[in-house]
Amino acid sequence: MAKRRPRQVDVAKHAGVSPAIVSLVLNGKTDDKIRISPQTVERVKASMRELGYMPNPIARSLATGHNRILGVFTYESVFPLQSENFYFPVLVGIEDEVEAQDYDLLLFTRSRRYAGRRSVYRDGVNQLLMADGSIVFGRDVAADEVARLHDEGYPFVSIGRVETDRPISYVATDYAGATFEVIEYLVGHAHRSIAYLGAPDRSVSYRDREGGYRMAHEHLGLALDERRVRYVDPETLRADDLQALLDGGATAIVCEHHRLAVALLRVARQLGLSAPRDFSLALLGEPPRAADSLANCTTFRIPLYAIGVEAVRLLARVLDGHEGPLRSTLSCDFVSGHTVATLAP
DNA sequence: AATCTTACGGCTTCACCATG
DNA sequence: CATGGTGAAGCCGTAAGATT
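Add 375 to the 1-based position in the first sequence for the numbering used here, that's all there is to it.
One or more of the hints may lead you astray.
[Stated by the list, open to error] Estimated spans, in silico, between C-beta atoms of each pair: (1) R641 <-> E593: 50 to 60 Å; (2) Q645 <-> D498: 50 to 60 Å; (3) L426 <-> D498: 34 to 44 Å; (4) K408 <-> G528: 42 to 52 Å; (5) R664 <-> P413: 56 to 66 Å; (6) A670 <-> A619: 23 to 33 Å; (7) G596 <-> T717: 11 to 21 Å; (8) A438 <-> K388: 39 to 49 Å.
The set of hints was computed from the structure by calculation and includes no laboratory data.
Cβ atoms here follow ideal geometry from the backbone N, Cα and C, with glycine treated the same way.
Construct the entire structure; sequences and hints are all you get.
Have a look at this one:
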């Protein structure tokens with residue numbers, strides 16, 4: 376039979392004081408309203424040492440209503456290889472900043488059993504309440520859930536802009552601005568017909584990129600030909616598709632994500648074409664570990680680590696009682712690469 | 001058998017009190 | 001009146017116990 380762990384009341388008895396004093400000594404609250412003689416403080420500390428007393432964190436959070444635990448909830452898998460560890464640097468940033476802010480981290484990776492998709496709620500109960508506050512992220516943060524979290528008053532920060540009418544806090548990435556910069560760069564290399572290859576799934580970050588593409592056309596005085604904007608899966612991309620874009624006059628192609636770019640280079644090879652010799656190519660966001668065929672691709676670097684850090688900082692401020700939504704937009708770094716050539720006149 | 005009540009877990013904190 | 005405390009409510013959910 377293992378000996379029962381000593382509780383606060385045991386320490387109190389041992390030191391000849393009331394449990395309240397033990398609590399106050401434990402939390403160093405000897406300077407405020409309540410005065411405790413230095414001798415008593417020492418006696419209590421000695422008793423705690425002697426009995427090997429450790430406070431019970433569950434009971435503590437029961438009494439205080441908080442536990443200095445931050446949750447991370449992801450709407451998609453973080454660890455499987457298919458995700459190419461895109462979010463890994465984000466998690467590293469979160470971990471580092473959580474440590475710096477003296478919190479603990481709790482990772483929620485719930486099954487899809489309940490709503491057909493991952494959900495914060497289990498049988499209608501917000502599981503994130505186990506933590507003082509949480510960071511939610513994923514390519515498809517569910518707008519309805521986030522709205523509900525907000526309405527319930529649960530403290531959280533979203534990584535990625537969420538389209539909802541609620542004033543939620545988030546860390547956004549300036550995909551529009553970064554894409555604008557890429558288009559500007561292409562235009563600087565004399566391209567005026569730039570095709571856009573996007574994913575069929577129009578999640579927020581993709582639409583932001585496309586917004587930047589369109590904005591650049593407007594601001595740079597380029598004619599936008601809708602036939603050059605294509606939504607396609609990498610698996611279904613055919614050589615014909617590339618041929619059609621080039622026949623239509625496109626001299627440069629931007630890809631929303633790296634699997635599209637890889638697929639594009641594959642079908643180019645089938646046609647005996649390559650970038651930047653036969654067309655220019657830019658990728659709208661660097662893959663975490665650049666795929667071999669994209670090692671020199673013109674792209675931009677997403678500040679994944681900084682996004683994680685910033686999310687924790689915002690959440691910490693929310694938990695410190697900051698009222699109203701906190702929002703940060705981080706910019707990306709342009710990477711010139713070698714897949715864009717200056718177009719001959 | 002169904003429904004309602006209470007004790008319990010360990011800790012924090014507010015209101016209050018005895019003594020020199 | 002300053003010093004050095006004490007007592008008890010309450011945090012929340014569960015399960016055992018009491019009452020119909």
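Verification of the hints:
1. With their beta carbons about 32 Å apart, R641 and E593 fall outside the hinted range of 50 to 60 Å.
2. Between Q645 and D498 the Cβ separation comes to about 51 Å, which falls inside the hinted range of 50 to 60 Å.
3. For the pair L426 and D498, the beta carbons lie near 41 Å from each other, so the given range of 34 to 44 Å is met.
4. For K408 and G528, the hinted distance range of 42 to 52 Å is not satisfied, since their beta carbons lie about 30 Å from each other.
5. The hinted range of 56 to 66 Å is satisfied by R664 and P413, whose Cβ atoms lie roughly 58 Å apart.
6. Checked against the hint of 23 to 33 Å, the pair A670 and A619 passes, with Cβ atoms roughly 27 Å apart.
7. Remark: the range hint 11 to 21 Å for G596 to T717 is upheld by a beta-carbon distance near 19 Å.
8. Against the hinted window of 39 to 49 Å, the Cβ-Cβ separation of A438 and K388 comes to about 20 Å, which falls outside the hint.
Going down the numbered hints, you'll see the structure goes against 1, 4, 8, while the others check out.
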